[in-house]
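Student: Hints are included, so try docking the two chains, each in its own frame, into the full complex.
Top line first, the protein sequences correspond to chains A and B.
Mapped onto this note's numbering, the consecutive letters of the first sequence carry residue numbers 1 to 286.
Mapped onto this note's numbering, the consecutive letters of the second sequence carry residue numbers 1001 to 1322.
FYI, nobody ran anything at the bench for these hints, they're computed from the structure.
Please note that the accuracy of each hint is not assured.
Below, computed lysine-lysine pairings styled on DSS-like, alpha-carbon distance capped at 25 Å [to be verified]:
| hint | chain 1 | residue 1 | chain 2 | residue 2 |
| --- | --- | --- | --- | --- |
| 1 | B | 1238 | A | 273 |
| 2 | A | 273 | B | 1128 |
| 3 | B | 1216 | A | 285 |
| 4 | B | 1236 | A | 273 |
| 5 | A | 285 | B | 1280 |
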Amino acid sequence: MQRSVIFELIRYCLVLIALFFAMIPVFWMISMAFKPIAEWTASGADLTWWPKAPTLDNFRFIFGQNTNALIVELERTAGRAILASLLSSVIGTLIAMVVGTSAAYGLSRYNYGKNLPLALIQLRLFPPLAVMIPVMIMWTFLNLVDTWWGLSLIYGIVTLPFSFWLMKTYFDEMPKEIEEAALVEGCSRFRVFTRITLPMMAGPLASSALLVFILNWSDYLIALMLTTREWVTIPVYMASLSSSMTGQLYGAKAALGLIAAIPPVIFGIAIQKHLVRGLTFGALKQ
Amino acid sequence: MSNVDDTAKPVASGTVEKTDSHFHAYGKNRLGLYLTLPAQILVLFIALFPLLMQLYISLTDWTPLTGVRWPQAYQLWSGLANYADLLDDDRFYGALWRTFFIIIVAVPIEFFLGLAMALLFMDEFPAKRLFYSALLVPMMIVPAVAGYMFFLLFQSGGPINQLLSLALGTKVAISWLSDPDLALAAVIISDIWQWTPLMFLILLAGLLGVPSEQLKAATLLGASPWQRFLTILLPKIKAIMVIALAIRTIELFKIFDTLYIMTAGGPGVATETISVFIFKITTQELVWGYVAALALLILFTLSVIAGLAMYFLQRKKREVAA
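Chain B on its own, in the form it takes in the complex (with noise of 0.2 Å):
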């Protein structure tokens, strides 16, 4: 038995190091374990077995109305064949290449409208509480209802429409989400109206978190509110820049709900993003074979790059901490 410190000794506190400390104390009992335990469990079963899955099935022509059982799926053996297809596919790369289109599109603009907000936030003003609130309640609104608001907002009798009218001075009835291009713009918008408020929030915990006595320093040394936020705001915050840019980048290749009830993909494939890819050939085509094989493709290349982002993200949190 490896548990014989049971009886746990308290560390003089102070002269430890902190994560030392609980090593000490705690030791390596049985009851960490335990308490891991079904963690471990439910995350095996979500990925061990699905992963084994769709690495079978992908080998296979194998969909379920083949009237063949999953397991007998070797019967429809095709080889490598799916992962070619996929490598030749255009409505594939096309989905792909939306989806980048929109995360280059919408992450700058819902990064610049929130670190303007935020830079607004910094001081103290009248009922500023209550502004905030108020700003930061399109990212708590339901990603599905939220698509549903702009359906409706973008409706060419719409209220979008007639305030252009207004502005413009003549009728305008764009009917937006019939559009091509400019049902992908919508979807966009519609997005950059959702995401904008996390940018902010996360920006201005960013910019509070900057010890208030150096921007005094700075104004009363004379520099202007611009090289202010150059030499001592922007140093600081640039790891928490990272992490909004990086959250919203991974939020945004998964783009689905809001975009799903807008336009359902449409006009023809125009706003078809890798999720509705996935979901259409999933619910409508039915090639399960072909689809597992797109998913081990997308989970293998995002493992790499969630490998690499922890690396760099507990490398900032040390220097946000620090």
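Same shape as in the complex, but just chain A (with noise of 0.2 Å):
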């Protein structure tokens, strides 16, 4: 009895370590998010881990009200790119969900498109620089660069995999009896797949997509290609908060930063159980 106690305790110190450095960046994000301009470079004994005078004016900087500390004038605000980021990042799910899950289907039970799994396994492995060039000079072709049309289509192209393979497991899981049964009493294939089949899989459906907006939400380099001045995501946006008089706006990015990571942190959590399956390509189920 005396060596588990102690055991537990043991456990929870290293649990409470793996914490502590889990929560430094984040937290030294908020701190530095609410922190006067004064504060943001701070060194030494003048380093404040907690801001002593904390303030909104990093979140009204970037959305473009005047503040006292900061006389930069903004060019864009961040308003403009949260804009971006939710539309691009929100039909690019919708283009990766509807493709991929129809896919899915067609595969798990019509047996078509057997080529797909090898191929969009590729496709995530490939590094998206090794197709830029090519991607960048068809962009311009279709006039598709820096508008956000163009940008869901290729964030939808590059997160097909994970809708695509995270579908076809749970197909391939469902029981087929309700289908058939449904196929006898004569109702058409594609209303099997749109009426039965798929308000089955509403769960599965929505943790998917999710995780794919999760995905899409997270990228930088695809946008910081493809984007040049009236698209650009948060994270490009963010990159270029700088200015000439001040340098880096150390708050004002920590404040968008903190605004860009809250909805992926929730979904995250709210679908913690299917990011294993997700992220293993659903080599492996929880």
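Tutor: Spelled out as structure tokens, the structure:
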């Protein structure tokens, strides 16, 4: 008994240490987001772990309101970047989910598209940069550069492997008796898919969509290559937040980083149970 | 018309193999073709044209600055010169080596930390779910934002030096991101921070899949925790370990976001990985013929690896399921 109490204590200590390291960077960004400009780069003895004079100025600033401390004029406000991120991630998720789900169903039930699993794994495996030049040329040719729909299209393609593989494992697991009964009753095949299978898959569809959304929302590289001004997404916009007068706008960037971090963390925790399956391409189910 | 079996017959459940059952019941139907078509088109759209185009461009000295449109790139035909240059490019080898160095250092550390955490979380303890969720947070942070977090942490007047000062009792003012070796270390630390949770998540799922009766039986028979780990847990999660390691290796090979925000590949080329190298020569030096050759080389190598890995994954999947 004595031994197990000690063991539990050690476990708690170790878990708390892990938690400490996991949280330090997050804590520092949150703290920075509420610091007034004077505390941004304070170092050594002046370094403040918790803002001495907490302020919302950083948030006001990135949304274009005048603040006392920051007299830099922003060409574009963060609202626009948030809109760009939101729009392209949502539409990209929609594309990936619609195309991926129907292809997964076609393969799982009708055995079409047997090349897709490997092709899509390869798509995921390749560094996006290795096809960036042709994509940039194609996007320029199709007038898709720096548009929300152009960004949505590439997001839909890039996350297609995830929606396809996730839904494929769910369809493969789903018992087929109900569908078969409906087919015998004379229900058309397409109606079986849309009216019977999809409603039964509402849970998996929702969690897959959230995972795909997180992945799209997290992109930096593609938006860096394919947007220039109008539709830059949050990460690209954040990286550009600096001025010739004050240099890096530490607090403003942290405020925006905090806003960007919130949706994926909430969604990620909500779909915890599906994360393993989603991120291992269905190789592992929880 | 091949779809004569349009009026599908249900198959007696239980007696027939599952994989066979849907085959008979659904038959070959056009619907399957229509449903998979959009995906096929998108894959072709993103694979075929880019591939052919890169192949073409890679045999020329074409750049977007030449004033020639890319279909006329043959005017700048250079044969295999780009490929020859590539094999002779020290900057390329440097980037390749640094990418592998990051993989070799970060993946094992992430693996063992993740495994240790997973072992801690195998039994129930108060507030376990809360700790579990909190420990997964790093992997959900947008990588570019994580890069910025570490950029802040590693400032010479930043909190990491402050903590070190407190721990060591003297004033520490290391300029992490402007020292070539330390910048690489900082990049690796940020990756470990962000992706150890993924290892933890995958390995814990594997460990929890091991039947608890076996563990209990072993405990009753007097097996030490270490023996239980070696003889029961390890063999059962070997396949999952391979998957976890493979996923991290593949993703780290592509490392860009965090690193680029932290150091932009610098100082000099100290943290320039393959992705950063491609990005820079694409956007700054604009030698697109050369980039195309490099991209094709990478695509080709990875395709071969993918084929092998896929084969392996399928086999492991069957083992995990069994």
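Student: Of all the hints given earlier, name the ones this structure violates by number, lowest first.
Tutor: 5
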